[in-house]
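> Top line first, the protein sequences correspond to chains A and B. Each residue of the first sequence is one higher than the one before, counting from 26 in my numbering. Each residue of the second sequence is one higher than the one before, counting from 26 in my numbering.
Just so you know, these hints were derived from the structure itself, not from any lab. No experiment lies behind these values; they were computed from the predicted model shown. Just to be clear, a hint being listed does not mean it is correct.
As the list makes no split between identical chains, a pair holds if one copy fits it or if it spans any two.
To be verified - Derived pair list, reagent style BS3-like, types lysine-lysine, alpha-carbon separation capped at 27 Å:
| hint | residue 1 | residue 2 |
| --- | --- | --- |
| 1 | K81 | K370 |
| 2 | K309 | K255 |
| 3 | K370 | K255 |
| 4 | K144 | K253 |
| 5 | K144 | K255 |
| 6 | K255 | K168 |
| 7 | K370 | K405 |
| 8 | K309 | K90 |
| 9 | K144 | K309 |
Each chain, letter by letter, is given below.
Number of protein chains: 2
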Amino acid sequence: MLSMSMPVPPALDPPRRILMGPGPSDTHPRVLAALGAPTVGHLDPYFLQVMDDSQKMLREVFRTKNELTLAVSGTGSSGMEACVVNLIEPGDRMVVCVNGVFGGRMADVAERAGAVVTKIERPFGEIIPADEVAAVVKKVSPKVFGIIHAETSTGAWQPLPEISKIVHDAGALMLVDTVTSLGGIPLEVDEWELDAVYSGTQKCLSCPPGLSPVTFSPRALAAMDARKTKVASWYLDMSMVRNYWGQQRAYHHTAPINMNYALREALRLVLEEGLENRHARHKKNHLALKAGIEAMGLKYAVPASHCLPMLNAIQIPDGVNDAAVRSQLLNEFGIEIGGGLGSMKGKVWRIGLMGETSSQRNVLVCLAALEKCLLDQGQKPAAGAGVAGAIAAYR
Amino acid sequence: MLSMSMPVPPALDPPRRILMGPGPSDTHPRVLAALGAPTVGHLDPYFLQVMDDSQKMLREVFRTKNELTLAVSGTGSSGMEACVVNLIEPGDRMVVCVNGVFGGRMADVAERAGAVVTKIERPFGEIIPADEVAAVVKKVSPKVFGIIHAETSTGAWQPLPEISKIVHDAGALMLVDTVTSLGGIPLEVDEWELDAVYSGTQKCLSCPPGLSPVTFSPRALAAMDARKTKVASWYLDMSMVRNYWGQQRAYHHTAPINMNYALREALRLVLEEGLENRHARHKKNHLALKAGIEAMGLKYAVPASHCLPMLNAIQIPDGVNDAAVRSQLLNEFGIEIGGGLGSMKGKVWRIGLMGETSSQRNVLVCLAALEKCLLDQGQKPAAGAGVAGAIAAYR
Chain A
26 MLSMSMPVPP
36 ALDPPRRILM
46 GPGPSDTHPR
56 VLAALGAPTV
66 GHLDPYFLQV
76 MDDSQKMLRE
86 VFRTKNELTL
96 AVSGTGSSGM
106 EACVVNLIEP
116 GDRMVVCVNG
126 VFGGRMADVA
136 ERAGAVVTKI
146 ERPFGEIIPA
156 DEVAAVVKKV
166 SPKVFGIIHA
176 ETSTGAWQPL
186 PEISKIVHDA
196 GALMLVDTVT
206 SLGGIPLEVD
216 EWELDAVYSG
226 TQKCLSCPPG
236 LSPVTFSPRA
246 LAAMDARKTK
256 VASWYLDMSM
266 VRNYWGQQRA
276 YHHTAPINMN
286 YALREALRLV
296 LEEGLENRHA
306 RHKKNHLALK
316 AGIEAMGLKY
326 AVPASHCLPM
336 LNAIQIPDGV
346 NDAAVRSQLL
356 NEFGIEIGGG
366 LGSMKGKVWR
376 IGLMGETSSQ
386 RNVLVCLAAL
396 EKCLLDQGQK
406 PAAGAGVAGA
416 IAAYR
Chain B
26 MLSMSMPVPP
36 ALDPPRRILM
46 GPGPSDTHPR
56 VLAALGAPTV
66 GHLDPYFLQV
76 MDDSQKMLRE
86 VFRTKNELTL
96 AVSGTGSSGM
106 EACVVNLIEP
116 GDRMVVCVNG
126 VFGGRMADVA
136 ERAGAVVTKI
146 ERPFGEIIPA
156 DEVAAVVKKV
166 SPKVFGIIHA
176 ETSTGAWQPL
186 PEISKIVHDA
196 GALMLVDTVT
206 SLGGIPLEVD
216 EWELDAVYSG
226 TQKCLSCPPG
236 LSPVTFSPRA
246 LAAMDARKTK
256 VASWYLDMSM
266 VRNYWGQQRA
276 YHHTAPINMN
286 YALREALRLV
296 LEEGLENRHA
306 RHKKNHLALK
316 AGIEAMGLKY
326 AVPASHCLPM
336 LNAIQIPDGV
346 NDAAVRSQLL
356 NEFGIEIGGG
366 LGSMKGKVWR
376 IGLMGETSSQ
386 RNVLVCLAAL
396 EKCLLDQGQK
406 PAAGAGVAGA
416 IAAYR
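Excised from the complex, chain A in its bound form (with noise of 0.2 Å):
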């Protein structure tokens, strides 16, 4: 007989937490029933209509006509790394915009797929100025032009279309990370000629995590056409994944049969709100959260003119015992908030206003919970001065 060196350990029991950190969100009940369907084949009819539903619901939420709009199988990262092994070859040129972590990501996945790269460097916490952009595109003359849309770590908001039109200009593809963006805040992929476009499901969809949105403009397929050489990544190849989300139907790889359920569960629930009212719906809880935050006396990370609704990253105050805070919301509310990443760990909160978790009630409920842990490290808020101060904004 096989020995065995340990018990079974106990059944499955998650704790009901609101998701107010930097991804996931919270999850709509009918999306995790969704992801409890029973599994079908990755072949079968049914599932093949799952994935041109998903397709076409996809290409709302982008705002794009491109038919190379999928799910990639891999959570945001991967998504990433999609778009930019299937756009570099290695010696090609790239410019990557780095104001956070996850800029910095991006020129690591470029470097890695042979990318001579060039960094537009700025701060955490601030935006890349357009006519920076120009004098290093300009400057370099790269194949691809990356960017990060809405900057999790930071909870900066990037304006991307004149940057776009600058970086055509200078005859290069416009790569853009929308993970934190997509379903959140305004995203027009063919109006602002976004070529590459990568999203998650776990943040402004309120899907699980596991699958990451892409889209490729024509004049990005052009360019994957026209490699030399095959991308590093088999399993990232659009041009073999793209035989299997399209009409041919070859066999790839086995999807994530299941993940997929939800993202069409998510995606519908999406366009039944519409993208304008889920558009105005994160304003609102946004402009009512940050009211109470600073009523409450604590200050944002990041000016007004581009602070993202959905990531409100907040400077702790001095004297405040970060991972005390975060564990006393987390045990004693069952609220989930994230700390700071790179240069702002322990510097900043990072509050998330994301698809559901973006509610009325999330507002208030957080702000009267972080009174509390406010009190306990020996701060002393105004009472009641940050849910008035969200009230107030409401009203």
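Start from chain A and add chain B according to the hints.
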């Protein structure tokens, strides 16, 4: 208002299949329930416990003490890529055994990673002889030797212990695909000294597709630590992934939370049954199916000496329409079986008896349904012979 060009697709309503193809296999209701449990954050203490539980259970199932044992955040093919790209640097020599589609895929992955690949090729359905391995590794002196334990495209069961010894004597690392074997036939990672082993969740573990269990020996770790270049894939770079699964808990990418819930539950079911019992069940149902298939006058595509129990490749009789039979099984009976891949396309059916799917009930209904389909195709199987043959094998 943003224009919408499509109606919202109808609610999800997948058909209830019996998944008797090459994977995914049927999932236990407990696994589906786990999949749909409330999402928590990827750094939530509860989720870290889920990861620890799964690592421990994966070590049991892989039969290893390897510290670096975890679930890659992608399907089985991403596990293949993870094993290859973490061990191979450009210019490294790798020998890959190709006797089916998945060996061919591994060679492709290795070439993309920059390996100088030498193939040991055998016709589909055959296994790789140890003496040929000895000759080739002596000549090539590779860094890595790659082989498929259970060729899902052919149903061939590759013996490993003797080859592993030969490979180690030549100073190479032993990289093994166990996508279809793990949980269905004996696999002894430590005893056989396998160095890099990957699997999938959707075969004999009976969890939906989306994760790839992997394990690396200390010898493989030493090779990774000795690398001079960064791993080409950021997403699959084990030097970072291991710091998230290890006690540092360093953020790398957002783990697919709910898929990891499901894997944990699937592993609990495996341990509750016990590996030996599970292997015996797979064998028993295979032998019954085989008795039934042969009683109907059909033939296996692979000799009994190396025929996998969970993947039964059966020659399609002359005059029978492959696609028509598979469609009839699906549409009339809700039974999915697989067609042939590569050189076996149109020549074989692949009947999977994997994990939850491997049951007496499924064997009997499959044989009965197949008899009807063959009759409808103008064949003349002896009435009831398939079912009677299987019942005799069970008694």
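> Each hint: holds or not?
Structure-based check of each hint:
no., hint, verdict
1, K81 - K370, "neither (39 Å within a copy, 31 Å between copies)"
2, K309 - K255, "neither (47 Å within a copy, 44 Å between copies)"
3, K370 - K255, "between (39 Å within a copy, 25 Å between copies)"
4, K144 - K253, "both (25 Å within a copy, 24 Å between copies)"
5, K144 - K255, "both (26 Å within a copy, 19 Å between copies)"
6, K255 - K168, "both (17 Å within a copy, 23 Å between copies)"
7, K370 - K405, "within (24 Å within a copy, 73 Å between copies)"
8, K309 - K90, "neither (29 Å within a copy, 52 Å between copies)"
9, K144 - K309, "neither (35 Å within a copy, 61 Å between copies)"
Hint compliance for this structure: hints 1, 2, 8 and 9 are broken, all remaining hints hold.
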